[in-house]
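Novice: Chain by chain, the residues run as shown.
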Amino acid sequence: MAVEEPPPRPRVRVVLADAAARRAAADHGSADLAEQTPVGEALVKGLVRAQLALALRLALVVAAGLGTLPLLFAVAPAVGEVKLFGMNLPWVLLGLLSFPFLVLVGAAYVRWAERNEQDFAALIRRPEK
Amino acid sequence: MNPYLAPGLILVLLLTVAIGAYGLRFARTTSDFLVASRSVSPSWNAAAISGEYLSAASFLGVAGLVLRYGVDVLWYPVGFAAGYLALLLFVAAPLRRSGAFTLPDFCQVRLRSTALRRLATAFVLFIGCLYLLPQLQGAGLTFATLTGGSYAWGALVVAVVVTANVAFGGMRAITFVQAFQYWLKLTALAVPMIFLILQWQADGRPQVTPPAGTVFPAATTVVVEQDAVLDGTRSVEAGETLRFAAGDRVPQVSTVDAEFGADWLLPDGKQSLFATYSLILATFLGTMGLPHVLVRFYTNPDGASARRTTLVVLAMVGLFYLLPTLYGVLGRIYTPQLLMTGSSDAVVLLLPEAALGDGHLGRLLGALVTAGALAAFLSTSSGLLTSVAGVIFTDVLRPGRNGSIRDFRVATLLAAAVPTLLALYVSDMDVSRVVGLAFAVAASSFCPLLVLGIWWRGLTDVGAIAGLVAGGGAAMAAVLLTVLGPPLTGWSAEVINQPAAWTVPLAFLVMVGVSLFSGRRVPPDVGATMLRLHAPESLRG
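Top to bottom, those sequences are chains A and B.
Position 34 of the first sequence, counted from 1, bears residue number 71 in my numbering, the numbering being contiguous throughout.
Position 399 of the second sequence, counted from 1, bears residue number 933 in my numbering, the numbering being contiguous throughout.
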């Protein structure tokens, strides 16, 4: 499934791997992408960079929000004694609040990653702008 | 014995087989079997992924660990859930767009290397077996604990049901089965918890950590299983029966490793900072490298839906993990004798009857919880078996394009045989520990491979192989040493028992370093591959 016979038009085939609904590249942007021109390469690199930067930034948010907690508990044991709603703070943070926090970060990522992709698609469809 | 238990378990088994048989009506071609024709809707898919992921370690193990060690082990559920966030951020959409069926397929798509593909196959089989073994063991132990039957029969029954279901229904059927089992598992923990909290209110909200130490809620007898010393003064012998009245303090048993006092509430660190961070690294990064988790992503129709599915999974898994902690906490009040026997994994199973009494309500809820535990064994082992069988089918049997459904069934039998035999002969291995080690191996092998493969053009096949051998190999060696080797102490024990904190960075460093030195081997079509991984499907024309 991964390797196929070299088709007659290899550059088009790679991009249009889902061959079911293939149509000729009608505009500059798609052609740049399909034929791996320097412009197309640069566009893809830009997209990859934007998505990676987004993912790393959100990973950093989690590392700062959750990853520093063990260190905090070790350095300042008094934090463990603080009570919130009758429960000790570490229980509230880890057992309860960490899960909605993770879901929120995930939701933000999905939203922004899709926006990056829409921007990329718009750029490809109207390269002159 | 609880009269509702047997009907409950049989009902779960029958429903599993029935839903599998219903799914069989839709499974016609080999491609149906492997990826359910990529037409499963995101909500079904998310429930199926969650159902598959929440194993015995989550359903029973987390509550048991909380009962024993308190707040320090909350990193397990947090890490198990956060693993899906890492997967969402770095892997989900590009992996789906790569169009690969399995992890070895991804190696081939991205780096065009047969040698790397074989190595990846070996790792999938190793991680698959390592994860399947404790599931079967857990099933055997639960059957033995609750029914007084034999360990071997419990393990064997679950193994046979799972193998038959995968072999005859493949993944299409499994999707329905897994989705059903997620909701069953959530219900099985949530409904009893409502009654347990009401009971706790009715009992006048007893303290979780009374200042004088944990006390027995009712008259209790404990049979000593090993020679031990109580409270450091009184020695007891194996087989001795101890009687305690309601309100007696729970004595500290020398043979059981647990937090007996109020320290339980605080993150004091019986566990060192190194071990905590190692655990965080293994669970956060290991999820994306588990073969049964990844194979699910190929059933999404496109990259964007893979992302949305992962987000729903994160929410579903997070919702589930709120519950085991509560069981561990209430277990501290209602089943403190488990601290003395050390069989704390049974807390979820025993808590409903212990707190609500052995009337109809307590027994009914006890049976519900046990049915949920059975669902946990069934779903995780089905998912694992499907993915391991898929890899054996495509990479070991290599039927090429003419692969038939019969070949897939042979692959399933092969995949099930080894862990089943191991589970029958090895019954004394520490269950929750093996699961953690599987995460560590996955985090030090497939995580760097996927992350670098998806985001870095400079990765080469030589670099990937070197990184897998160095990081994954080191983690594998640590696993074998932990499981089979002599007991270690001190500094070396920590480094070997929780290896992720050094094996994950090692894998990344070696992969990047060797790739930089073999820069000429970067595949010539890397630009096209990157486009395929990252561009939205709408641009494919």
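FYI, nobody ran anything at the bench for these hints, they're computed from the structure.
Hints may contain errors.
Claimed, not checked - Simulated DEER-style distance windows between Cβ atoms:
#: 1; chain 1: B; residue 1: Thr721; chain 2: A; residue 2: Glu118; range: 31 to 39 angstroms
#: 2; chain 1: A; residue 1: Val112; chain 2: B; residue 2: Arg768; range: 38 to 46 angstroms
#: 3; chain 1: B; residue 1: Leu1018; chain 2: A; residue 2: Thr105; range: 14 to 22 angstroms
#: 4; chain 1: B; residue 1: Leu947; chain 2: A; residue 2: Lys120; range: 31 to 39 angstroms
#: 5; chain 1: B; residue 1: Pro1057; chain 2: A; residue 2: Ala113; range: 46 to 54 angstroms
#: 6; chain 1: A; residue 1: Ala100; chain 2: B; residue 2: Gly992; range: 45 to 53 angstroms
#: 7; chain 1: A; residue 1: Leu141; chain 2: B; residue 2: Glu774; range: 50 to 58 angstroms
#: 8; chain 1: A; residue 1: Ala100; chain 2: B; residue 2: Gly773; range: 30 to 38 angstroms
#: 9; chain 1: A; residue 1: Leu141; chain 2: B; residue 2: Arg777; range: 47 to 55 angstroms
#: 10; chain 1: B; residue 1: Ser1026; chain 2: A; residue 2: Glu78; range: 32 to 40 angstroms
#: 11; chain 1: A; residue 1: Ala113; chain 2: B; residue 2: Arg932; range: 51 to 59 angstroms
#: 12; chain 1: B; residue 1: Arg777; chain 2: A; residue 2: Ala100; range: 48 to 56 angstroms
Stated by the list, open to error - If we take Cβ atoms under 8 angstroms as the criterion, some of the chain A residues that face chain B in the derived model are:
#: 13; residue: Leu97
#: 14; residue: Val98
#: 15; residue: Gly104
#: 16; residue: Gly132
#: 17; residue: Leu134
#: 18; residue: Trp149
Unchecked claim - Derived pair list, reagent style SDA-like, types lysine to any residue, alpha-carbon separation capped at 25 angstroms:
#: 19; chain 1: A; residue 1: Lys82; chain 2: A; residue 2: Arg94
#: 20; chain 1: A; residue 1: Lys120; chain 2: B; residue 2: Ala746
#: 21; chain 1: A; residue 1: Lys120; chain 2: B; residue 2: Tyr603
#: 22; chain 1: A; residue 1: Lys82; chain 2: A; residue 2: Glu151
#: 23; chain 1: A; residue 1: Lys82; chain 2: B; residue 2: Tyr603
#: 24; chain 1: A; residue 1: Lys82; chain 2: B; residue 2: Arg842
#: 25; chain 1: A; residue 1: Lys120; chain 2: A; residue 2: Leu108
Note that beta-carbon positions come from the ideal geometry of N, C-alpha and C, so glycine has one too.
Novice: All the hints need checking, so say for each whether the structure fits it.
Specialist: A quick look at each hint next to the structure:
Between Thr721(B) and Glu118(A), the C-beta spacing of about 36 angstroms keeps the proposed range 31 to 39 angstroms intact. In this structure the hint that Val112(A) and Arg768(B) lie 38 to 46 angstroms apart at CB holds, the actual value being about 39 angstroms. Remark: the range hint 14 to 22 angstroms for Leu1018(B) to Thr105(A) is contradicted by a beta-carbon distance near 36 angstroms. In this structure, Leu947(B) and Lys120(A) break the distance hint of 31 to 39 angstroms, their C-beta atoms being roughly 56 angstroms apart.
At about 50 angstroms, the beta-carbon gap between Pro1057(B) and Ala113(A) stays in the expected band of 46 to 54 angstroms. Between Ala100(A) and Gly992(B) the beta carbons are some 24 angstroms apart, a value that contradicts the proposed interval 45 to 53 angstroms. For the pair Leu141(A) and Glu774(B), the supplied restraint of 50 to 58 angstroms holds, since their beta-carbon distance comes to about 53 angstroms. A C-beta distance of roughly 51 angstroms is found between Ala100(A) and Gly773(B), which places it outside the suggested range of 30 to 38 angstroms.
Against the hinted window of 47 to 55 angstroms, the Cβ-Cβ separation of Leu141(A) and Arg777(B) comes to about 51 angstroms, which satisfies the hint. Distance hint check for Ser1026(B) and Glu78(A): the Cβ-Cβ separation is about 49 angstroms, which falls outside the suggested range of 32 to 40 angstroms. For the pair Ala113(A) and Arg932(B), the beta carbons lie near 58 angstroms from each other, so the given range of 51 to 59 angstroms is met. As the Cβ distance of Arg777(B) to Ala100(A) is approximately 51 angstroms, the hint placing it in 48 to 56 angstroms holds.
Because the closest C-beta pair between Leu97(A) and chain B is about 11 angstroms apart, greater than 8 angstroms, the hint is violated. Annotation: interface hint on Val98(A) violated; nearest CB of chain B at approximately 10 angstroms, more than 8 angstroms. Contact between Gly104(A) and chain B, as hinted, is supported at the beta carbon level, the nearest pair being about 7 angstroms apart and thus within 8 angstroms. A distance limit of 8 angstroms between C-beta atoms decides the matter here; for Gly132(A) the minimum to chain B is near 5 angstroms, and the interface restraint holds.
Nearest Cβ of chain B to the Cβ of Leu134(A): about 10 angstroms, over the 8 angstroms cut. The hint is violated. About 11 angstroms separates the beta-carbon of Trp149(A) from the nearest beta-carbon of chain B, more than 8 angstroms, and the hint is not met. Straight-line distance between C-alpha atoms of Lys82(A) and Arg94(A) comes to about 18 angstroms, which keeps the hinted pair within the 25 angstroms bound. Pair hint Lys120(A) plus Ala746(B) holds up; C-alpha atoms about 20 angstroms apart against a cutoff of 25 angstroms.
Only pairs whose Cα atoms come within 25 angstroms are accepted, and Lys120(A) paired with Tyr603(B) is accepted, the gap being roughly 19 angstroms. Distance check on the hinted pair: Lys82(A) and Glu151(A) sit about 17 angstroms apart at the alpha-carbon level, within 25 angstroms; holds. For the given pair, Lys82(A) sits about 48 angstroms from Tyr603(B) by alpha-carbon distance, which is inconsistent with the 25 angstroms threshold. For the suggested pair Lys82(A) and Arg842(B), the alpha carbons sit about 24 angstroms apart, so the restraint of at most 25 angstroms is met.
Straight-line distance between C-alpha atoms of Lys120(A) and Leu108(A) comes to about 19 angstroms, which keeps the hinted pair within the 25 angstroms bound.
In summary, the structure is inconsistent with hints 3, 4, 6, 8, 10, 13, 14, 17, 18, 23 from the numbered list given earlier, while agreeing with the others.
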